[in-house]
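> Given next are the chains, with one letter for each unit.
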Amino acid sequence: MSELLRTPLFELHRELGAKLVPFAGYELPLHYPDGILAEHRWCRDKAALFDVSHMGQIVVRGADVAAALERLVPGDIRGLAPGRARYTLFTDDGGGILDDLIVTNGGDHLTLVVNAACKREDIAHLRGHLEPVCRVEELDDRALLALQGPAAATVLARLAPECVGLRFMQAAELELAGLRCRVSRTGYTGEDGFEISVPADRAAKLARTLLAAEEVRPAGLGARDSLRLEAGLCLYGHDIDRTTSPVEAGLAWTVAKRRREEGGFPGAARILRELREGPARRLVGLRPEGRAPAREGTEIVADGTVVGRVTSGGFGPSVGGPIAMGYVAAAHSSPDTPVLLRIRGREEPARIVSLPFVPHRYAR
Amino acid sequence: MTTYYTKDHEWIRIEGSTATVGVSEHAQEQLGDVVYVELPEVGRAVRAGEQVAIVESVKAASEVYSPVSGKIVAANQALADNPGLVNEDAEGAAWFFKIELADPVELANLMNAEAYREYLATLS
Chain A
64 MSELLRTPLF ELHRELGAKL VPFAGYELPL HYPDGILAEH RWCRDKAALF DVSHMGQIVV
124 RGADVAAALE RLVPGDIRGL APGRARYTLF TDDGGGILDD LIVTNGGDHL TLVVNAACKR
184 EDIAHLRGHL EPVCRVEELD DRALLALQGP AAATVLARLA PECVGLRFMQ AAELELAGLR
244 CRVSRTGYTG EDGFEISVPA DRAAKLARTL LAAEEVRPAG LGARDSLRLE AGLCLYGHDI
304 DRTTSPVEAG LAWTVAKRRR EEGGFPGAAR ILRELREGPA RRLVGLRPEG RAPAREGTEI
364 VADGTVVGRV TSGGFGPSVG GPIAMGYVAA AHSSPDTPVL LRIRGREEPA RIVSLPFVPH
424 RYAR
Chain B
11 MTTYYTKDHE WIRIEGSTAT VGVSEHAQEQ LGDVVYVELP EVGRAVRAGE QVAIVESVKA
71 ASEVYSPVSG KIVAANQALA DNPGLVNEDA EGAAWFFKIE LADPVELANL MNAEAYREYL
131 ATLS
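So the sequences go chain by chain: A and B. Just so we're aligned: the first sequence equals residues 64 to 427 in the working numbering. Just so we're aligned: the second sequence equals residues 11 to 134 in the working numbering.
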């Protein structure tokens, strides 16, 4: 395996006492001395600062760039107004998911934020389909910070009062502590919050400024995962991948009305058919009745047969018990359906529940 | 009362012909916040090195092995009800089970506190 990459905040993580682990080719904090549970709760109560600089930041420019990107995603990109952001998916010809991403209309260009583990393939995919008419550029000289939690807006407003004017899924170029940053009101925790794209060489300074606020504490990948799981948000490579379709994954809402009528995105045949007829299986929430967490790969059993598998599972700190997501055959996917989870050879009772486990608190 | 340790980071405290078993302070630190423990059934006969319990933190699940052979005579229900005890008092209140020793000679295979400290130093 090649050398692990470090983000511009690596020294700060060390200084803060982070437990560093390999993740998607990067050495990143799993947690800080407070631990995952405390970091999770702090994010739900106050504000947590995450280093998400490993994620890919890409700019695409060119004539009709929105129409060009629509050839690769089922979302409405042409209808995305300047300063607006949208969650969408790169799909493949079989209707599987190549990656999930946030697209922001930056006026004369689009900004894409993609998963770290997929960014090489995503960039090649974009270049292969959009160049030379459009130009695809990776912003590898920028860090990405996520400030998440109910106090995030209060804290950020001290640096840039305009940030409170942004609503959920809106973005703007703002000056933060003398730095020109791209700020969007987005996140991966289910809480209100912001993601801040900042020049790499100034990222640690901005992070220190944010951490100096009494409401803000650092949080690592562990809390990021339990927060997103409680919020029912998919993790690429686990809950969604090339073998799962947007409709199966509960992401039919990302297939825009106009795109359903017009088609013209990879995998449209399967995706439109599943929209009409329903998918064979669905991603659902699972709530074990006992205390044992059901981890990824756990078999889901109903009527004596395996009807699906857990794709993400663990302990939900705000739920106060085990939670999981997984795919089950459509016939067993209604909320309140009883199922069994095969955990270490035992069959533990669980119920299908609707997602999210913890209500979203976005600033809509 | 003597406490021994295993390379898998269990501790075992000997009191006459029975012993109390749990996971070490080092194991607790490595695990992080513990959210679930699964304990053996009282009356079960186990062999040294056999997996008898599970401890799960927010990070992952780990197996707990019996350091000795014998019969399980008690399991700590207070721990099952409050798995976070492992983080508060790993080598005290958070004991996992008590076992009646089948063969005290097996204790010779275990490390005392000093040997365990030296073993930990080789891990870091």
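Be aware that one or more of the hints could be misleading.
To be verified - In silico DMTMM-like cross-links for lysine to aspartate or glutamate, where the CA-CA straight-line distance does not exceed 20 Å:
no., chain 1, residue 1, chain 2, residue 2
1, A, Lys82, B, Glu39
2, A, Lys82, B, Glu35
3, A, Lys268, A, Asp288
Don't read these hints as lab results, they were simulated from the structure.
> Any of the earlier hints contradicted here, and which numbers?
3
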